[in-house]
Amino acid sequence: MATDTLIAPAGATEEIREHVPHGKLVIIAWSGELDKVWPQMILATTGAAMGMPTTIFFTFWGLFSVVKDQVRITGENWMQKMMTVLDRPGMEHLKLGKMNFGGAGPAMMKHLGKQHGVASPNELLEIARELGVRLVPCQMTMDLLGLQPEDMIDGLEEPAGATSMLLEAQDAVTLFI
Amino acid sequence: MGTTIARTLDLKGLSCPMPIVKTAQQMKELASGDLIEALATDPGSVADFKAWCTATGNELVEQGEVDAVYRFVIRKR
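Those protein sequence lines, which keep their order, are chains Y and F.
Counting in the working numbering, the first sequence runs from 1 upward without gaps.
Counting in the working numbering, the second sequence runs from 1 upward without gaps.
Errors might be hidden in some of the hints.
Said to hold, decoys possible - Derived Cβ-Cβ restraints for the label pairs, each shown as a range:
1) 71(F) x 108(Y): 28 to 38 Å
2) 167(Y) x 28(F): 48 to 58 Å
3) 37(F) x 163(Y): 43 to 53 Å
4) 46(F) x 85(Y): 40 to 50 Å
These are computed hints drawn from the structure, not numbers from a lab.
Note that CB positions come from ideal geometry on N, CA and C, so glycine has one too.
Chain Y on its own, in the form it takes in the complex (with noise of 0.2 Å):
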């Protein structure tokens, strides 16, 4: 094969997305902080609205942006416990990954967020579920951190591990957050 037949002519590009089915997009949700769980529902809900049909795998710190705001301690044994006595989980509870000044980063970096129109975690999570994304946590977490299904949130798909994901992520967008 001559290599100029592989060079695609001018505006192929735009004309063969067009025809081609919609690339799955896969988040693996591994961060808990705030900097880091917003993008991941930032990224959500734009692939779902661009067509993509969209997973996130919620695994370790992940876990906790989607355990209920009201749960306090979560977990069986003290080991389980004590992380969520020094770090509480749910999505209004996050931590900056820098600058958190014991909470007041986080307050801040909300407020600027309003000024500036842009939608909350906790909306933006509605949104994803309103849109159809999937939101998958990990069971081995789950296991691990002694967090039971009553702990987490609503419209939650069945627990599944790192092969359910993979499976999913073939062909798709992946992204490590």
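Model the placement of chain F on the given structure of chain Y, informed by the hints.
Structure of chain F alone, referenced to chain Y:
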């Protein structure tokens, strides 16, 4: 195909990703060929509406800016 605007969306003051997300949500309620007008103040929306139309196959019929308000007219595919 209609030539009148079926719906106008006021997205002024909203930041990424809400102008696109709200447009996508409203789009579901329209019929193929309908025109929707979106008014936004987010300068990023200029690139994002173009990208969104490319991704979804909706047609960006008109685009302009008056007094820092960006106006997009989109025809549903």
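Status of each hint after checking the structure:
no., hint, result
1, 71(F) x 108(Y): 28 to 38 Å, "holds, 33 Å"
2, 167(Y) x 28(F): 48 to 58 Å, "violated, 29 Å"
3, 37(F) x 163(Y): 43 to 53 Å, "holds, 46 Å"
4, 46(F) x 85(Y): 40 to 50 Å, "holds, 47 Å"
Comparing the model with each earlier hint shows a violation of hint 2 alone; every other hint is respected.
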